[in-house]
Structures are given as C-alpha cells and as structure tokens.
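*Asks:* Fit chain B to the known structure of chain A by using the hints.
Number of protein chains: 2
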Amino acid sequence: MTPGPTQVPEQSLLTLARQVTHHRTDDFRALFDRVQAGLREILQTENDIAILCSSGTGGMEAAVVNLISPGEKMLVLHSGKFAERWSTLGQTFGAEVIRYEVPWGEPFEADRVAEILAAEPDIKAVFGTLCETSTGVGHDVRAIGQVVKDANRLWVVDAISSAGIVQCRTDQWGIDVLVVGSQKALMTPPGLALLSISPSAWQKIEQVDQRGFYFDLLAYRKAKSTSDTPFTPPKSLLAALAESVDILLQEGIESVWARGVRLARTTRAAVEAIGLELVTDSPSTAMTAVKLPESIDAKAFLARLESRFGLKLAGGQGPFRGKIFRLAHMGLTDDLDIIGALAAIELVLKEQGCPVQLGAAVTAAEAVLAENADQKQPF
Amino acid sequence: MTPGPTQVPEQSLLTLARQVTHHRTDDFRALFDRVQAGLREILQTENDIAILCSSGTGGMEAAVVNLISPGEKMLVLHSGKFAERWSTLGQTFGAEVIRYEVPWGEPFEADRVAEILAAEPDIKAVFGTLCETSTGVGHDVRAIGQVVKDANRLWVVDAISSAGIVQCRTDQWGIDVLVVGSQKALMTPPGLALLSISPSAWQKIEQVDQRGFYFDLLAYRKAKSTSDTPFTPPKSLLAALAESVDILLQEGIESVWARGVRLARTTRAAVEAIGLELVTDSPSTAMTAVKLPESIDAKAFLARLESRFGLKLAGGQGPFRGKIFRLAHMGLTDDLDIIGALAAIELVLKEQGCPVQLGAAVTAAEAVLAENADQKQPF
Numbered sequence: 001m002t003p004g005p006t007q008v009p010e011q012s013l014l015t016l017a018r019q020v021t022h023h024r025t026d027d028f029r030a031l032f033d034r035v036q037a038g039l040r041e042i043l044q045t046e047n048d049i050a051i052l053c054s055s056g057t058g059g060m061e062a063a064v065v066n067l068i069s070p071g072e073k074m075l076v077l078h079s080g081k082f083a084e085r086w087s088t089l090g091q092t093f094g095a096e097v098i099r100y101e102v103p104w105g106e107p108f109e110a111d112r113v114a115e116i117l118a119a120e121p122d123i124k125a126v127f128g129t130l131c132e133t134s135t136g137v138g139h140d141v142r143a144i145g146q147v148v149k150d151a152n153r154l155w156v157v158d159a160i161s162s163a164g165i166v167q168c169r170t171d172q173w174g175i176d177v178l179v180v181g182s183q184k185a186l187m188t189p190p191g192l193a194l195l196s197i198s199p200s201a202w203q204k205i206e207q208v209d210q211r212g213f214y215f216d217l218l219a220y221r222k223a224k225s226t227s228d229t230p231f232t233p234p235k236s237l238l239a240a241l242a243e244s245v246d247i248l249l250q251e252g253i254e255s256v257w258a259r260g261v262r263l264a265r266t267t268r269a270a271v272e273a274i275g276l277e278l279v280t281d282s283p284s285t286a287m288t289a290v291k292l293p294e295s296i297d298a299k300a301f302l303a304r305l306e307s308r309f310g311l312k313l314a315g316g317q318g319p320f321r322g323k324i325f326r327l328a329h330m331g332l333t334d335d336l337d338i339i340g341a342l343a344a345i346e347l348v349l350k351e352q353g354c355p356v357q358l359g360a361a362v363t364a365a366e367a368v369l370a371e372n373a374d375q376k377q378p379f
Numbered sequence: 001m002t003p004g005p006t007q008v009p010e011q012s013l014l015t016l017a018r019q020v021t022h023h024r025t026d027d028f029r030a031l032f033d034r035v036q037a038g039l040r041e042i043l044q045t046e047n048d049i050a051i052l053c054s055s056g057t058g059g060m061e062a063a064v065v066n067l068i069s070p071g072e073k074m075l076v077l078h079s080g081k082f083a084e085r086w087s088t089l090g091q092t093f094g095a096e097v098i099r100y101e102v103p104w105g106e107p108f109e110a111d112r113v114a115e116i117l118a119a120e121p122d123i124k125a126v127f128g129t130l131c132e133t134s135t136g137v138g139h140d141v142r143a144i145g146q147v148v149k150d151a152n153r154l155w156v157v158d159a160i161s162s163a164g165i166v167q168c169r170t171d172q173w174g175i176d177v178l179v180v181g182s183q184k185a186l187m188t189p190p191g192l193a194l195l196s197i198s199p200s201a202w203q204k205i206e207q208v209d210q211r212g213f214y215f216d217l218l219a220y221r222k223a224k225s226t227s228d229t230p231f232t233p234p235k236s237l238l239a240a241l242a243e244s245v246d247i248l249l250q251e252g253i254e255s256v257w258a259r260g261v262r263l264a265r266t267t268r269a270a271v272e273a274i275g276l277e278l279v280t281d282s283p284s285t286a287m288t289a290v291k292l293p294e295s296i297d298a299k300a301f302l303a304r305l306e307s308r309f310g311l312k313l314a315g316g317q318g319p320f321r322g323k324i325f326r327l328a329h330m331g332l333t334d335d336l337d338i339i340g341a342l343a344a345i346e347l348v349l350k351e352q353g354c355p356v357q358l359g360a361a362v363t364a365a366e367a368v369l370a371e372n373a374d375q376k377q378p379f
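If you read the protein sequences in the order shown, they are chains A and B.
Residues in the first sequence are numbered from 1 upward in steps of one, following our numbering.
Residues in the second sequence are numbered from 1 upward in steps of one, following our numbering.
Just chain A, with the same shape it has in the complex (with noise of 0.2 Å):
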C-alpha cells in the first residue's frame, strides 16, 4: 500500500502473460485507440492523449522540453521532492526557472500565483502537482487553473500518482499537460507515462524549436493519426492498461473518487484517533502521510509491518525521513484493505512501546465506513 507500484488486476496481469504481437498491425490500433478513449474519459478531457514508454519521470521531461525553449521563463509550485523534479528538468534544459516555494507539507495559494504571474509577464507555463507524493498534500488544482488560465498562461499538472483516484477534471479545470503513470491509481505495472495535452498546449510545443527525439510530441501526435507510435510501443504493458481502464470505468470514474475520498476519511479518521497527527491540514485522497511518534523508530516500524504482516508501506523523504509513513489508497484498494492496514499498524506501534489502545484506529473506522454502508465495493 506504497503510493506506487500498486497491485494490478489479475485481469490485467494475465492479459501481461498472453504472447506478444506485432505493433504495426489493426489489433495494435484498435487497442490504442481503446486505451486513448478510456484515458479521455478517466481524466474527463477530450485532448490528446500521448503514451509514452517511460517511467513518469520521462513523461515529466517531456512536458518540460516540448513547452520551454532554453531561456523561457517557467514557474514551479515548489513544495516537495516531485515538484522538486519539476525544476531540476527545468534547469538542466536551460529554462529559467521561478520557484514559488511553500514549506514540505503545506498547500499553495492560487492568489500567491496570480500575483506571480501578473509580476512575471513572460512566464510561459506553470508547473504544479495535484498529489505531492512525498508529503501527501492534495493541491487546489482548480483554483490554480483558474488564476493561470485567467492570466493566459500553460497549466501543467503532474498527477503521477493521484489521476484515477483524486478528483481531476482536466478540461473544466483549464490544464494543459497533465502528467500520469501506468503504476499507481491506474493498476498497471510500471513503464507507461500518459500525457494528456490541450489544443493551447499544441499551439506553444509547435513553437519550440528543440523538442528533443525520444519525447518529441509532435512525433507522437504524428504517428497518433494513423493510431501509431513513433516509437516500438511496449504493447503487453498497453494491453494490461486497458484492462485496468476498464475496471476503473466499470466501477465509474464518480465512483472511483468517492471510494478515494472513503478511504482517505477513514485512514485519517482512524490514525487520529490512536493519536497521530497527520503531515498536513490539506490532504490528498490519494494517500495519507502520518507523522510517527518520536519515540518510533520507522525504520524499525516499517520493516516489522512488512515481517509480520506482510504490509508495505512507504517512509519519508527529504525533511520527512525517519519522521513519517504514507499509506495509498489508490488503485486496487478497498474497505477491508485499509481496515487490516489500519489493524497492522496498531498492533505494531503498540508492540514498539506506543502507548495506543489496540482496536481504537480501526473502531474509528468503522464509524466512517458504517455512515457509507450503500457505497458498492469495486473488487
């Protein structure tokens, strides 16, 4: 229960054990052009859809060379190691990168950026995340789109590990680029990175002179005319996301939020009661980070979930190493997922000395689950 790789689908993985086949052939297309539909649907956008054979890291970079020229003025939402990301690949591809920084943990402010961006005039795109992985802060896309779109400028979201499972409304929501990884709410093994790219966002890639080779869009848009890539596309990890869109859709992508909501308020509900306190006031569905005690030694904490229960979960990372854990409930995470999590680490900060009264995380959430009693579970 990481924030990526998460479990995929048995559908999905015994898709992954079929024979693979040639990609230059009408069973290719019609599988890519069925994946593509069901993105659209999935990040509620009628833009283009770009698959590329990368972790998202690739897809990130991509974003950053097709919309920045070498000199271009970009702004970073700067507030933990992903968006972090975002200007290092700035800087190594000779952008001039304006940080607006928060503190690890904390959320942006869309007014901040507006000011920003009305100081700043030759700003071209504005680069944010929409779950911060390594802090767990859900970030107000929305109100950010807003204030960009309102100063005509790029929208660039890097949704890796939240698309699928937080509410994103690509389109009412004015973002141009939106980054998403096969590995995390989507159920798909790790090797895929989804771009969606609004028509604005076209206009401004057509401009650059220097799009690179490997992630130059516009030989993905090319080779998507006729539902090829440019590239040899990875097809059994293609094939396997299909399935894992088909089961997002199924359920239906309210749905699948709902549920992300569910268990985000059940997870906080419960670690609050046992007396934790979570990183941050402005949470994510995605996953929750949750400060330890002081007197837990996570790696120790982390290492027996795993020994005993066979649970894993993520730590910290940078200013948050050692100090936290994040528990995702993306993906193929249900109710009773999230219940045994919840038992596994009562039981073991419990059996690590934390004074914490055994039944009372897990008591909380069942009260939560017990106000959504007509909510379906999907798996």
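A hint or two may mislead.
For identical chains, the list gives no copy identity; a pair is met inside one copy or between any two copies.
In the DSSO-like style, the derived pairs of lysine-lysine whose C-alpha atoms are separated by at most 27 Å in a straight line are [to be verified]:
| no. | residue 1 | residue 2 |
| --- | --- | --- |
| 1 | Lys376 | Lys73 |
| 2 | Lys312 | Lys222 |
| 3 | Lys124 | Lys350 |
| 4 | Lys224 | Lys299 |
Worth flagging that the hints you see were computed from the coordinates, not collected in a lab.
For clarity, every value in this text was computed on a predicted model and none was experimentally measured.
*Replies:* What follows is chain B alone, placed relative to chain A:
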C-alpha cells in the same frame, strides 16, 4: 517471425503475470544484479550495463546525448533506416554529423573508416550497427572496432535487433557502447533498452555537460552502486528479461550464435533454391532479407502469409518498400519454425503465380539441417 518484437518464452510470460511488488527492496536488487550479470555474459563484456525504461530508440538517444556535446563531431556509418536514426539523433542534439554512406544493402569498409578518422581528428565517436534491420546486412563490427580503437575514438554500436543471436564480443571487439533492445533476440516484451558502457565511454560521458535528465547515464551509474535505478523501473519487464536471459544462458551463448548461423544458412539456401535473390551479399545471421519477384505484390504476399498460415513477416522500408520481405531467425526460433515459414513462403509464391517448384525451398533447407544433425534444439 519479424525482426521484433519476437515471441516470448512461456516462462517469461508467466513471470509477467505475477503481482507487481515494490522496487526499493532486496528482492528487486537481487533481480537487478542477476539480470545484469546475465546480460554481461550474453554481450561478452565486463562493462557496466545500464537498463533504461524506453524503446531501443531511447537507448540510442542516451548514447548520443551522453557521449557527444553540441558542436562535437560524430561519424555515422550510414546504410539504412536505423543508421539514419543515429544521424537524426546527432543533428537533433546539435552534434556535427559526418556520414560515411554506402547504398542500402551494402557493408562498410573498415579501411574507409580509418581514412575518415585520419582526415577528421575531431571526430569523437563512431556510430554503427551490428545488424541493419532495414536491409539485413551484418556489418563487420569487429574490423571496424579495430580501426576505431587504433584511432583512439569511441565505438558505439546499435545491436538492438541482433545482440543475443549474432556473435558479438563486446570487449574483444572494442565496443565502447552497445545498445540492445529487450524485444528482439532477448525474447522479452518491448519496454527496455540496455546499454553496455566501457570505462573509456564513462570518461567521455563525465566530460559532457548536458546529458539530459531521464537519459543521463551518470544518474544510472550512481543508482547502480546500490543496485537501484534512478527512476521507477519496469520491474515486471525486468523479471521477464531475467527469465529469458536464463533461457539463453542455459543454451549457452556460443550455441545461440551457432543456432543463428544455422538458421540463417538454412533460410538462405532455401530461398535461393527457389530462385529468389538476397538483398545483400553480407547478410546478418539475425535475419534474412529477400527480394521478391517483380510479379509479386509484396503487400498481398505478406497479407496472404498471415491470413492463410498465421505467419507474420516484415516488408521493406525506404527504397525497399514493396520490394522485399524480411524473416528473422532470432529469439524463440528453431529449425522447424524455419521449415514451416519456408513452406508457407513457397506455397504462397506459387499461389500468387510465381513459378516455384513446390518443396524445393524446404528440400534445400533440410539439406542444410542434415549436415547439422548433432546440434541440439533449445526450446
């Protein structure tokens, strides 16, 4: 039986169907080390192996951006579609590309390479191809490697469609960077590019300022010191690759190469027995490219092979479009697969009006196989 993606062994496919687990773990590190050790044996190298999540083209881009700074000279040995990709990559990233061009289907002369390197002392590296997939030419990577080494330059070889079936002694032949794809002779789905990198290549890479971000090989080297990857690796594909590598090593790399030679000789003898002509006098043992009689419509021929016999071959590219077919004898291909393919070829040629003697191709093939009665079947 196209030159990739090729069939994947059952054992590797079943591995793909296993649940995805996290990668910052001891089991991942063991897998990662195991697959690198296996690849070093297959590629006959002691060099570092970098494993990228990308198509083969991503591996080629990594070689170019890491070795050549903008404005530096690179020599491209130019004889087909994939050699052309080296040039395009060089130009895209600001290198000064010098070409030694021979017509499609012809090999390079090592002496000419030596002359060019003597005349152009600023050339930093030579970029060539082990098997040019668009023409089926097997280039003399050993002889060229010798002159490149004598001239104290770097030798970079695209072996995407050939390493693991064509003899390739990376270290003995002085290959500084070898680029390999997962989906060809290595019998794994597409999605991984593998590079072997010599100490001399690392020295040059350290001097290049702008190596990109996703493809920055120094980040891969740094992560590899702890058996990690810089970005989320496609663990499922890596696990499948480990299985396929084991299968090749069980056969033994020398036996694999011998199988390639045998299947190539068998194929050539058979197509010549029915009056067809090879595209090149310097064929690779990875694949055979064959000219079609003018009376045959290539598209209809390939479509009929597929619809009647379920046999997928590749057609021509560039100047060979509509004029040739290409049959690969790499990966999960044994004697009887080749016999079947040859039977299909002569049956469809006959059906489409070509005056072939039915059975002649297969008879010639059997004559070659009869001389090789002691060679074991690997699969």
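*Asks:* Pop the pair Lys124 and Lys350 into one bin, within, between, both or neither, using alpha-carbon distances up to 27 Å.
*Replies:* Neither: 52 Å inside a copy, 63 Å across copies.
*Asks:* Are the CA atoms of Lys224 and Lys299 at most 27 Å apart within a copy, between copies, both, or neither?
*Replies:* between (46 Å within a copy, 22 Å between copies)
*Asks:* At 27 Å max between alpha carbons, let me know whether Lys376 reaches Lys73 within a copy, between copies, both or neither.
*Replies:* Classified as neither; 47 Å inside a copy, 63 Å across copies.
*Asks:* Quick one: Lys312 to Lys222, C-alpha cut-off 27 Å, is that within a copy, between copies, both, or neither?
*Replies:* Close across copies (26 Å), not inside one copy (42 Å); limit 27 Å.
Of the hints listed earlier, those the structure fails to meet are numbers 1, 3, in rising order.
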